[in-house]
Every structure is written in C-alpha cells, then in structure tokens.
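Below are the chains, spelled out letter by letter.
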Amino acid sequence: MAAGTPVPREPLTFAERTYLPQILGGLKTTWRHLVTPKTTLEYPEQRPALPPGYRGVPTLVRDPHGREKCVSCQLCEFVCPPKAIRITPGAIPADAPTAHVEKAPQEFEIDMLRCIYCGMCQEVCPEEAIWLQNRYSTTGYTREEMVNNKARLYELGGTLPDEHLKWDRKKAAETAGNDRH
Amino acid sequence: MSASPKPDLITVNVDGRDVAVPKGTNVIEAARLVGVDVPYYCYHPKLSISGNCRMCLVEIGMPAVDPATKAPIVDPGTGKQRINWIPRPQIGCATTASPGLHVRTNTAQIKECREGVMEFLLVNHPLDCPICDQAGECKLQEQATGYGRGYSRYIEAKNVKPKRTQLGPRVMLDDERCILCSRCIRFCKEVAKDDVLGFIDRGSYSTLTCYPGRQLTNNYSLNTVDICPVGALTSTDFRFKMRVWFLKQTDSIDPESSVGANTVVWSREGVVYRITPRRNDEVNDTWMADSGRELYKQNRAPDRLMVARVEGQDSTPAAALAAAADLLKPAAGAVAVVGSGRSSIEEQFVTRRMANALGAGAFLVGRSDPGDGLLISADRNPNVRGALVTGLVTNLPSERLTQLGEWIDEGKVRCVVSVGEDLLAAGLTEAQLARVAVVYLGTHANATSAIARIVVPTFTVLERTGSFVNQQFRLQKFFQAVPGPAGAIDDLTALTRLLSSVEGEYFPPEPAAIWPEMARAIDVLQGITFAGIPATGRLLDGSRWAGLPFPEGPGLHFQPAAKP
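Each protein sequence line maps, in turn, to chains V and G. Residue numbers for the first sequence follow our numbering, beginning at 542 and rising by one. Residue numbers for the second sequence follow our numbering, beginning at 23 and rising by one.
Honestly, the hints are just simulated from the structure, not real lab data. Where hints are given, some of them may not hold.
[Unchecked claim] Now the stretches of chain G that chain V is said to cover, found in silico as 3 or more residues with beta-carbon under 8 angstroms:
| id | stretch |
| --- | --- |
| 1 | 178-185 |
| 2 | 264-278 |
| 3 | 501-509 |
For clarity, every value in this text was computed on a predicted model and none was experimentally measured. C-beta atoms are modelled at their ideal positions from N, C-alpha and C, and glycine is treated no differently.
Take the sequences, apply the hints, and build the full model.
Written out as structure tokens, the structure reads:
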C-alpha cells in the first residue's frame, strides 16, 4: 500500500466558492457570544465557585477534639507519585492524653513545588487525616517557603467534622476493659 | 531437620505433582519444594513443631492397598491406584512426609478452612496496621489478603489486652496483636536457652508474659521480634523509626566475632535503620545476637573520624595518602604494618603486599573475650583466618604488640602504619609511639588517632564490600549498604593507593578486580572469583592451620578441632 490510488478531490460547489455560508456561520458564533453572559472573572477580586470534590492544596486535619489525626503511617509518602511528601515518624509521649494512639508525625512536609494535586494521598490515608481542600493558590518567594511543614499543614487544614472517633472509642474500651466474658 | 549429609529421598505427591524430599521433611517444606505455598504462623523451620495456629491445614491421603494381600487397589475409573484421603484436614507442619503420601492444598475444604482460621485470628486483632511496625512484613496482613474471606462479619466489641508492655530492654509487647503462636516462647527455650516467656490465663484472656521477676534480657532477645509473625513483639530501637517498605536490603556479615553471622542491612537514603539476620543453615540458621544489630550506630557515632589530618592540619584523604606515601617510601625497611583482623580478606591481601613492598614486619592485634557458645565466639575479630590465608600473619595474633614495642625500642622501626588498630590499647606506650611516625587508617577516633602523624578516615563494614573468613574457614561476602561520609575513603581504595605509590603495583580498588590476583597467588583460594562466592559462603581448606590453638569454643554449627 505504499503508492495507492489517489483519492479524487471533490470539486467545490457554487455556494462554497462564494465563501458566504462559512462567513455567516462564523459570525453566528461571534454574535452568540456577544449576547451570552460573561464567564471570565475579575480574579483575584472575584473567586470561582469550586465544585465539590475539588482537589486543592493538601492539608492535615484534626478531629473535633483537637487530636491530630495523622499517625504517620507513611502510606501517603509511599504512594505520592512526585515524592512531594516527607514524614519523620515519632512516638507520642506516654504522658500525653493521646498516648493510646502511640504514633504521630514529628515532622510532616509537603513540597508544593513537587505536588501535582493528584489526591492519591487523601485516597490512601487510612486515618482520613490528609485532605485536598479548596485552597488552590500558593505563592512564595523562595523554595523553602513552598514547602509546607507540619504546623502550616494543620493551620491550612483545620478540623474535620468527623463522627467516627475511632481512637476515642478505643480508649474507652481500654479503660472499661473486658466486659463480655 | 535431617542432619545426615546424604539423606534418603522419598517421593510424595503435592497437588498432583511428585516430588522427592529428604526423609523427615514435613508437608510444608515438601510443598515449598514444588512451589506450593502452604500458609502458616506458628511453624518455624528452626524451632520445634507446636501446631497451634491451624493455618497449614491440608488434606492428606495414602495410596490404597488391600489389607490382606498388600496389593495396590486400582480405581477402575482412572486406571490408577486409589488414594484413601483422610476425610478431615490435617496440619502440614506436624505431618512428616512418608513414601507415597498424597497432599492436596487447593480443594474447597482447605480454602474454607483457611478462611475460617483467618477469621478467628482476626476476631480480636486490633486494626492497628497504620501504627504497627510490622505492617508491610506482617504474615497476618499477607495471609488475610491471600487466604482470608476479605470482609469481616464480626460486630461485637473486640477483646482488650495490655498494649505497651516492656518485656525487656529491647523488646516491646502488644498483647492485642499477639496470635499466641508461641514462636517466641519456643525460641527462648530451645535456642537462647533462657526460658523466660510463657502464656498465662486461658481462652481469649491468654497473654504472653515473662515469668515473675524475670525479663527478656538475653543477648538474643531481638530474634523473637524477627520471628513474631505479627506486630506483637517490636524492637524498641526500631520502633516507629521507619516503614519497612522504604528500606533497601543489603546482604552483610556481622563483624563482632569470628562466627560471621549472615545479616541483612536495612537502609534508606544512606541511613541504616536496622540489621536483621539472614538465613544460612551452615552458620547462623536464622538468628543473630542483639549486640550485632546495634553496630549500625557506629556509622553516625560522634567520635567518627570525618576529616583526614596531616601533622594536625585538616586535609583530604588523597593528600593524606600522598603524605603517607612520602613518609613511608624513604623509611622502607624500617616500617611496621599493623594490619587488622577486622579488615576484609582483600584489604589484608593488599596490606600484605604493601608490607612486602616496604620490607615491613606485619602484625595483627588479637581480640578475645569469652564466647557465648552460640553465635558469638571467643575470637572477636571477624577475619583472623583471612589474615592467615593471605599470609598477612603466620600465627595467631596476640593482644599485645610486644615484639613491635621491642623493635621500636631497638630503633628498628621508624614508621608504623595502623589499619584501624589502637596501638596504645594494644600495649605500646606513648613514649614508644613518640619515637615513630604513625599513619592511622581508621573509622573512629581513639588515643592512637589523636597522636598519629597522618590520619586517614575510612569506612565501616556497612560502607564497604569484601569478604571475611569465619571460624569454619567459610569465605563469606558482605556488600556496601550505605555510602561512607564525604571526608572518608574506602579502606581498599586507601590501601591500594598506598601500595601503588610505595611500590608501583596497582590494583583497582574493587574486590572483584583483586580476586584474580589473589586466586593466583594463594593456593587455597585457587579458582575462586568474588562473583562466584555463593550467598551462603564457600568453605576453604583450612587443614594447614588446623594445628593452631584457635580460641573458639563450640558454637552453633561449629565444633573446634580436637586439641592435640
């Protein structure tokens, strides 16, 4: 099939040769946009309404009792495609009120120059501790500024209105002991 | 396990495939030989059978024979001998293979059994995986995925047990995670000979604990963490440090004694997080001492030598080695080389060549301490036999460098090269060392490095590649797990550079490149290449040195030669 038979070119009709139907068709599109409502926004004074499930800057959240939900299992660090997440795990001191959770991040860094907002960290998190929220604009003058550390991530994240409170129930069970024998 | 060198083979049939196995093999191991995975928790190839987890249930049967005539009963449908299957499943770990035994692991009944066992094991197992150090290497995780039902039917409250019990200085127990397999108990009783663990209470109240007033303090306690199939026993040192799936595994050797226990070094991004044993049935089975696991801390110890020094001034390793060569060359004939029983055999070979080139006497510093009869021997140098093989020394080293001291006093020696040995600790006096120029190649600061004319920082065993010869004259390889610090230099590179600048003979600083010359020059190493040394090591012919009074006593897989 190297040198096939050439496809015969259809000759243009009279209407096509005048170009008028095409010009009118194009003008119709232009006129339609002249009368439809504007879709552009005066950013940054105006902000778009974000759809539910929007994937903005990843953040860490606390539960309604103020406990940090992250237990530094490092699954997000593992799954992160651009390796933007870096966690230093650590133990919770035995005298802390959340000592029964045992493990929490000492440091948690997300490099926003690397992050691709894919949301896999949120998907993989077994503790529902990392959420991609509505903030989409991050700026900074240096590379260091673009790395969100643990304090910044909790500041951005806030509190999750969570009803599971799995660790609170666990602590309650620990306090109550075995009651069903 | 069978100990005879040529075991009798018997044929068993696993899932329709015949396999010849040594007599005494159990069904789990026989199935492993044909690539069939029989899941288990409590079974361990190096421990006694307890058979309490019930995960390895298989169907077994024997070929049918006529009870009276012993003639095979042939199934008319298939034309083959009929198999009398036992109607109920049996545990594979406690079933010893017998000739003609038939095993089925893939039937609906076995699948259901495994699902049932998994369900019971998971009934009271806490959902701790996100905070559990075992996650990623947990048998319960793996087998719940592989053989479990996939969902939970359990809606009642889970059992509550103590979560953070310190069993010993290095071992932490979480009773909720424990599946009561008793591997740790059997290990302490049978291998460590320190019977401190046991179960108390009954049913779902059962908990693992130490005997009253006792603690799990023995030097093999961390092996219980290794063999724990779940996250019940965790190492306090490794606890919450890093997830195992980030860690790179490198084969290495425990350098703390001449046993040469095989190890795996777990590192991430140049940082070592833990050291665990590697199975070698001829050396250490699957065990190693706790003391050897902490040696990675030396890599980042505060007294680590990080910068080369010449005459008290900071320098680079290359400049320091050049200065050392300038010092040694004119002093040829009045040089002494103190080699090391901690060097690899390749480094000792180059040290020997350097001593030859300089007309120098070569010494070694012995280290002995009573062994524990298991995996720490009385000879605390990992590679004294390597020094014998390479001819660095011809006799067993003493702990004191008395003869070198005499030579210095007589003025025979003007220059001493020490490969990581503290000369003051080895019996030389400061007055003696003041009369000679000391070139020190070593990893950590000590009294000798403080007074040495030239100090070249070198790498630890975790940062080098090479091989050791252990007490059995077994040649074993170790590999570089992490890069060394920026200001230090590989021992082999340092020694080959010194050698080439004092004599001109040049070896590429790679063990693989030195081996052809070693195999040519040393008759017991003939025909060996570095790549050709198996992962479990290769026995050398040590009969030439059999008459030497080696200090080692009996240990695991080791019997010292009878003293004449």
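Hint-by-hint comparison with the structure:
| no. | hint | verdict |
| --- | --- | --- |
| 1 | 178-185 | holds (count 6) |
| 2 | 264-278 | holds (count 4) |
| 3 | 501-509 | violated (count 0) |
Of the numbered hints listed earlier, the single one contradicted by the structure is hint 3.
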